[in-house]
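Asks: Take a look at the letters that make up each chain.
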Amino acid sequence: MSIEQELSGLRRDPPAGHDEAVMLGTGLADGFSTYESPIGAVVVTFNPAGVSSVDLATEGFAERFIERFGRRSIEAAAPRAWRGGIERALENGTPGKLPVDFRSVSGFQKSVLEQAAAIPRGEVRPYSWLATQVGKPGATRAVGTTMARNPVPLIVPCHRVVRADGRIGAYSLGGAQNKLALLAVEGADPERLEALAGRGVRFLGSGTTRIFCHPSCRHARRIGDSHLIEFRSTRDAQNAGFRPCSVCEPETS
Amino acid sequence: MEELASRLASDLDASFPDLVNAFRRDLYSGLRNLSGNDAEDLTQEAFIRAYRALAGYDGTRIRNLQLRGWIWTIALNLGRNHARSRARRPTVTLAHEPTHSDPEPADTEAWGRRIGALSPRQRRAVVLRHVVGLSYAEIAATTDSPEGTVKADVHRGLARLRTIIEEETR
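As they're listed, the protein sequences go chains A and B.
With numbering that gives the first Met the number 0 as the guide, the letters of the first sequence map in order to residues 0 to 252.
With numbering that gives the first Met the number 0 as the guide, the letters of the second sequence map in order to residues 0 to 169.
None of these hints come from the bench; they were simulated from the model.
Warning: the hint list may mix true and false statements.
Stated by the list, open to error - Okay, the calculated beta carbon distance ranges per label pair:
1) B:R24 / A:R63: 32 to 38 Å
2) B:E1 / A:R102: 30 to 36 Å
3) A:I65 / B:A116: 46 to 52 Å
4) A:E86 / B:D12: 27 to 33 Å
5) A:R63 / B:S134: 43 to 49 Å
6) B:D12 / A:E62: 14 to 20 Å
Using N, Cα and C, we set each Cβ at its ideal position, and we do this for glycine too.
Same shape as in the complex, but just chain A (with noise of 0.2 Å):
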């Protein structure tokens, strides 16, 4: 054989995983890693803008992210910096520094799900109230509208938010067992909340000390049964003398 030919006998392909780790690379597709959730195994996609869905581990969970994205997925382990991020993030149902990529959504939405991520654990806050937090005071529909798209629920926990007249309402990953499930864990007693809800109770006011807050805020929580004096509306509470509490903003709901 000749120098030439035994030159051009070198040829190789490139060992297995060289495209998808190119695909991955340009962002032409997202890599996807499983992990467990209170309310199951979820797959979490991510691409070099951050983290983009969070999913039921469910069949035809690919099919879903292609229709939504218009990209491929990839089952690859997250970029070494973000995998503690991940797992404390689905954990305390907040992004943290966890990149988030939320191009997949409007300028609008961005907005109201930054301010929904930053809803403490364990409380919830109605569609109404974070309308007015984002300066769209009335545009509780589109936060409706945004809740239900949410690219990354758990994430961006827009299972702490509920319906304007305080029912817990519905959620996008698994319908609303999932919400009141989540809600559970992180000690939110959502049956006491429906309750509540049920008997058109809005908020809740301290005797003492003459404040009120959404039912779920941990001020309101720490008022002794013989304090508590529950109100219908802000007008209701603002009329009985009660200032509004300056954590959970019950005046704007």
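Since the structure of chain A is already known, use the hints to place chain B on it.
Replies: Just chain B now, with coordinates in the frame of chain A:
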């Protein structure tokens, strides 16, 4: 290849996997004989940089690209910077460089040693011409040197390889 360039110009994301398919074997085979054990990472990185570059070009510029030569310009730049940064690293780190877990055929190892004995310019010319299969014109454009020089480098490189093989059998 011209057809691929125009498809990349009209829909980069949809056609990019075809670019990878067209050149994955070329790039990996060439880089393996030019940069050794890091060829896998360098091949991936070359494609990722190619994608980012294409994403910033307008359609006309992409349509007019000589893709094979262009992608090798990227790969050679990467290889050069990589060699430079490796040379700056302390030798202690080099001792822990990962090696291929699959044993290569003895023949491939022998060729790696022989090609490694060439001067960098001859090695580049010989590998691009005879392992990768670029034309002299493509190599000249990619390395920014006259075609005559490339031909001479390939010629001298092959002669040197012949001598090395003869010395081995003696």
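Asks: Are the hints correct? Go through all of them and say.
Replies: Status of the hints after comparison with the structure:
no.: 1; hint: B:R24 / A:R63: 32 to 38 Å; result: 34 Å, holds
no.: 2; hint: B:E1 / A:R102: 30 to 36 Å; result: 33 Å, holds
no.: 3; hint: A:I65 / B:A116: 46 to 52 Å; result: 50 Å, holds
no.: 4; hint: A:E86 / B:D12: 27 to 33 Å; result: 31 Å, holds
no.: 5; hint: A:R63 / B:S134: 43 to 49 Å; result: 47 Å, holds
no.: 6; hint: B:D12 / A:E62: 14 to 20 Å; result: 19 Å, holds
Going through the hint list in order, the structure satisfies each hint without exception.
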